[in-house]
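Chain H: place on chain Y using the hints.
What follows is each chain in one-letter form.
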Amino acid sequence: MRRVLTTLVVAILTAAGLHAQNVSDLIISEALAVPDSTGIRDDYGRRSAWVELFNKSTGTVSFGGCFLTDDRSQLKKSLIPKSDLRTKLGPRQSVILFCSGNGQDGTFYAGFTLEPGKTVYLVSNDGRTIIDSLAIPASIPAGKSVVKLAQDLRQQDFQPQQPAVPSPGMLNGDQNAATKAQAMAETDPHGWTLTLVSVSVVFCALAILWFLFWLFFDRPAKQAAKAKALAATPKTVKGTPDAEVAAAIALALDMEAGGDDYAAIATAVHLYLNDAIHDIEPGFITIRRSESAWDSKSRVFRKLPR
Amino acid sequence: MEQIFQSLSQFWEYTGFANCSWQNLVMIGIGLVFITLAIVKEWEPMLLVPIGFGMIVGNIPMFPGLNIGVYEDGSVLNTLYQGVKQGWYPPLIFLGIGAMTDFSALISQPRLILIGAAAQMGIFGAYLLALLFGFAPNEAGAIGIIGGADGPTAIFLSSKLAPDLMGAIAVSAYSYMALVPVIQKPIMLLLTTDKERRIKMPVPRTVSKREKIIFPIVGFLITAFIVPSGLPLLGMLFFGNLLKESGVTKRLANTASGPLIDVVTTLIGLTVGASTQADKFISLKSLLIFGLGLLSFVIATTCGVLFVKLMNLFIKNPAKKINPLIGNAGVSAVPDSARVSETVGREIDPTNHLLMHAMGPNVAGVIGSAVAAGILLSFLG
Numbered sequence: 001m002r003r004v005l006t007t008l009v010v011a012i013l014t015a016a017g018l019h020a021q022n023v024s025d026l027i028i029s030e031a032l033a034v035p036d037s038t039g040i041r042d043d044y045g046r047r048s049a050w051v052e053l054f055n056k057s058t059g060t061v062s063f064g065g066c067f068l069t070d071d072r073s074q075l076k077k078s079l080i081p082k083s084d085l086r087t088k089l090g091p092r093q094s095v096i097l098f099c100s101g102n103g104q105d106g107t108f109y110a111g112f113t114l115e116p117g118k119t120v121y122l123v124s125n126d127g128r129t130i131i132d133s134l135a136i137p138a139s140i141p142a143g144k145s146v147v148k149l150a151q152d153l154r155q156q157d158f159q160p161q162q163p164a165v166p167s168p169g170m171l172n173g174d175q176n177a178a179t180k181a182q183a184m185a186e187t188d189p190h191g192w193t194l195t196l197v198s199v200s201v202v203f204c205a206l207a208i209l210w211f212l213f214w215l216f217f218d219r220p221a222k223q224a225a226k227a228k229a230l231a232a233t234p235k236t237v238k239g240t241p242d243a244e245v246a247a248a249i250a251l252a253l254d255m256e257a258g259g260d261d262y263a264a265i266a267t268a269v270h271l272y273l274n275d276a277i278h279d280i281e282p283g284f285i286t287i288r289r290s291e292s293a294w295d296s297k298s299r300v301f302r303k304l305p306r
Numbered sequence: 001m002e003q004i005f006q007s008l009s010q011f012w013e014y015t016g017f018a019n020c021s022w023q024n025l026v027m028i029g030i031g032l033v034f035i036t037l038a039i040v041k042e043w044e045p046m047l048l049v050p051i052g053f054g055m056i057v058g059n060i061p062m063f064p065g066l067n068i069g070v071y072e073d074g075s076v077l078n079t080l081y082q083g084v085k086q087g088w089y090p091p092l093i094f095l096g097i098g099a100m101t102d103f104s105a106l107i108s109q110p111r112l113i114l115i116g117a118a119a120q121m122g123i124f125g126a127y128l129l130a131l132l133f134g135f136a137p138n139e140a141g142a143i144g145i146i147g148g149a150d151g152p153t154a155i156f157l158s159s160k161l162a163p164d165l166m167g168a169i170a171v172s173a174y175s176y177m178a179l180v181p182v183i184q185k186p187i188m189l190l191l192t193t194d195k196e197r198r199i200k201m202p203v204p205r206t207v208s209k210r211e212k213i214i215f216p217i218v219g220f221l222i223t224a225f226i227v228p229s230g231l232p233l234l235g236m237l238f239f240g241n242l243l244k245e246s247g248v249t250k251r252l253a254n255t256a257s258g259p260l261i262d263v264v265t266t267l268i269g270l271t272v273g274a275s276t277q278a279d280k281f282i283s284l285k286s287l288l289i290f291g292l293g294l295l296s297f298v299i300a301t302t303c304g305v306l307f308v309k310l311m312n313l314f315i316k317n318p319a320k321k322i323n324p325l326i327g328n329a330g331v332s333a334v335p336d337s338a339r340v341s342e343t344v345g346r347e348i349d350p351t352n353h354l355l356m357h358a359m360g361p362n363v364a365g366v367i368g369s370a371v372a373a374g375i376l377l378s379f380l381g
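Those protein sequence lines, which keep their order, are chains Y and H.
When we follow the working numbering, the leftmost residue of the first sequence carries the number 1, and every step to the right adds one.
When we follow the working numbering, the leftmost residue of the second sequence carries the number 1, and every step to the right adds one.
Just so you know, not all the hints are guaranteed correct.
To be verified - Computed footprint of chain H on chain Y; a stretch qualifies when at least three of its residues, placed anywhere within it, have a C-beta under 8 Å from a C-beta of chain H: (1) 199-206; (2) 214-223.
To be verified - To give an idea of the interface, some chain H residues facing chain Y are shown, with a C-beta separation under 7 Å as derived from the structure: (3) Pro110; (4) Ile113; (5) Leu131; (6) Ala136; (7) Pro137; (8) Arg205; (9) Glu211; (10) Gly368; (11) Val371; (12) Ala372; (13) Ile375; (14) Phe379; (15) Leu380.
Treat the hints as calculated values from the structure; they're not laboratory data.
Note that the Cβ used here is the ideal one computed from N, Cα and C, for glycine as well.
For reference, chain H alone in the conformation it holds in the complex:
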């Protein structure tokens, strides 16, 4: 009898109830909030469901040493986490993004590329603020990249510059990407006049197949020669796009933009969520990162919208003016921020469709954030 009690007591020590702390419960609660937002509000469900569930998985209290935790060498979760830690999930996601992105909107109106560059100010604004808050330059660079509004790029750069902060940075980047409609809309309304919001942009010209094929090759050569440190992201992005546009590798493009990106997105979401183990995640630094991440999104949106207004000052022909509501799309949250431009534009004038125009700066933002990540890596890595 005594042995039975002893065994039960020993078993109790291994249960989650015996090893539970309030921090674990907080993180499980946050995970549940993520899942609820994804299912009820349909905010980025592809990201928030895996991340939210990963948070619950990573915060199940357990007896250390059983070789099952995400930070325990050789465990299943740890093996899957290597894709995040070593930084090879993000380039695979970029391959898929490239294979599903149509750069026509950008090629037909090349001037919109510059909006994608202006919105990257969010990255550097957050970098300056992070330095002000006492972060080391490499940590500040990793935090700044949240402003690129690009989850894979944020994971890639933080895994190289500040691996300890990667969990907080990744969760922050993905959370704010899901909240793009909430964050961007008030800023766009605040910075534009009613007249500006009603600007109708000319229909973009038709882009030939030859242009679509040349774009990924020329784009890659130029950006990679300027910032070779962005090679993994830029190479995969443009390679994926070439697979799509060449027309002769349809099966490869379909795999990259379908099953491959789905598998990697599932794994990256789950493991990033699981990496938010309470003992490593709940800290003042994480809170600061969340605050700075939000500010970086605000700066990026502001700079994008203001830059369009600046461009309009130099455009004399009223028919060629740019609607500043597409300025927010310079951040690379594809296609969410472009959708925000469309929604806000139609609220003012239901006949004004901005989606096609906003996709230009949106995909330019993807290139811009990869370039910015490469620069930060070469300076701070």
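Looking at chain Y on its own, in the form it has when it is part of the complex:
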């Protein structure tokens, strides 16, 4: 029961986190309240006010089921239909929603008209959480929009700017911003800075790994092995110096053993002293069954007649 509950809680938290992460990636990137004669037309040929939504993430976000409003006390003023497949917004893409005053005009139409001096809100599909807002100044001239700009096209941080020349459906940012490689070619044409920084980072990463394992594993293990070796050292018989014992063993070996025996004894002693007699044993033993003429299946079974 406890395990089921834990799993359930984790699943709910994960799902909530993922959902929140998705919708919160949307921003109101631009809004035009008073269109002039040069403004874009909607599907009905009208020059309506509009707001632009932008997905600042690198994954697809669905904005179906979210709400648009210009009244903070009425967050569910205009619902964006959730059944329309076109309400999925690709990474770093934008969509235009016309504020025609009639939500029945289509998926991309809001049921209010946008007016100067008001603030437009994008509300999450729970109807309570405000994802983003954009204030329209009361004094904004006709044909000018309020824009949220990023310093470069990959940035996440957008700053409002107004009045601006409307750019519906286009990325709001410096279109001519240099790519990282172009910027690197200008700032570090010979590559020395990048090389120095990169080599330092590689060394740092691996040095940290080395230090941690040396500190927490290698050093304690070696100290433990040393302590174990000390504890296991047999005490010499009183009055018999080590050199004499060694000489006696050598003499005995010389008399009785051949070269192979020397090698075997030396290997065994070396492994013992270095604490490397065994790798870690798996902990189970495999016993192979040996078959005799009495219980061997191949001998007991009757062969098929030819």
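Relative to chain Y, chain H alone:
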């Protein structure tokens, strides 16, 4: 009768003979050389046979528009090539490498990790040289990664930084990995003295199961936090190793290190080979990439060996000195470069086994090259 001749003539236009160019024949010839080297000399057969045959497949002259070529959208080869192009074969290979790698050699002698870092100088040396030869920084980064001696990492990074050069970079990386014994041995002999080559290193201590389990988790957390852009490679490498060492996911580890890596290696080799279509491959840039790739291997080996000599200057206890012949293993060609250390070491002293020690910097090199790829991606991507 006339219609028969017309049909035959039309059929002729579709044959390889009618569409053949000398470049196609050159590439087919190179493919055959790869296959011969793999079968006769047994140089990296797992890589060179698929790549060599892929080169032949990709260079069969054909009438364009039949939707069968590797660069034609929707063709079978193109679909298989997406794993290379989108960069999802390399992390799968890293998963398999992780599941078959034993990091004990590294854990028991953590100081050898630093050799893996030093050998990554090959990457940045080649980067500097590529810039000198007029490549753009992103192209230079993709070329530099050849010095990591890691095919999957080279494919992963070049698919992100310079997709146009990926074929030449991948073939260059895999070719030089196959030639590791030929390239590294003379450099190792040149940079070491007879006395240094005879250094016997102490037997590494036994590593506990707990250490082996903690290593992939701690290793991943540290490296991924420092270089998040290396996440696909580092994540899969350490995940595969955790599957192996945890002891409770034996079936998953066996699949990752067996059937999965075999399938992906076959597909990556074949499609990388097929991507070397003559019209896109034979160019001065490709030749330069091959030259720079060779230099990057030379720099990596040199830096690895010299770094060990530098470390020895600071090690006072003669019993703890490191044999510089394991310096070459800092490049991540696992386990070929470690095998070179063992072979060269035994040529000097048949009782001196360096393989176990060389595996330490060798697996550190895998981590180091993935980290270096992540850094290049974050700066140039």
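Consistency of the hints with the structure:
1. Coverage of the region 199-206 of chain Y by chain H holds. Counting CB-CB distances below 8 Å, 7 residues qualify, and the rule asks for three or more.
2. Coverage of the region 214-223 of chain Y by chain H holds. Counting CB-CB distances below 8 Å, 5 residues qualify, and the rule asks for three or more.
3. Interface restraint check: proline 110/H against chain Y, minimum CB-CB distance 4 Å, threshold 7 Å, status holds.
4. Here the hint on isoleucine 113/H is kept, as its CB sits about 4 Å from the closest CB of chain Y, short of 7 Å.
5. This hint holds: leucine 131/H has a C-beta 5 Å from the nearest C-beta of chain Y, less than the 7 Å allowed.
6. A distance limit of 7 Å between C-beta atoms decides the matter here; for alanine 136/H the minimum to chain Y is near 6 Å, and the interface restraint holds.
7. Contact between proline 137/H and chain Y, as hinted, is supported at the beta carbon level, the nearest pair being about 4 Å apart and thus within 7 Å.
8. Among the interface hints, the one on arginine 205/H holds; its C-beta lies about 6 Å from the nearest C-beta in chain Y, closer than the 7 Å criterion.
9. Satisfaction of the interface hint for glutamate 211/H is found here, the shortest Cβ-Cβ separation to chain Y being roughly 5 Å, below the 7 Å cut-off.
10. The beta carbon of glycine 368/H comes within 6 Å of a beta carbon in chain Y, closer than 7 Å, and the hint placing it at the interface holds.
11. The criterion of a C-beta within 7 Å of any C-beta in chain Y is met by valine 371/H, whose closest approach is roughly 5 Å, and the hint holds.
12. For alanine 372/H, the shortest C-beta to C-beta distance to chain Y is roughly 5 Å, which falls under 7 Å, so the interface hint holds.
13. With a least beta-carbon distance of about 5 Å to chain Y, the hint placing isoleucine 375/H at the interface is held under the 7 Å criterion.
14. Interface restraint check for phenylalanine 379/H: the shortest CB-CB distance to chain Y comes to about 6 Å, inside 7 Å, so the restraint holds.
15. Against a cut-off of 7 Å between C-beta atoms, the interface hint on leucine 380/H holds, since the closest Cβ of chain Y lies about 5 Å away.
In terms of the numbered hints stated before, the structure departs from none.
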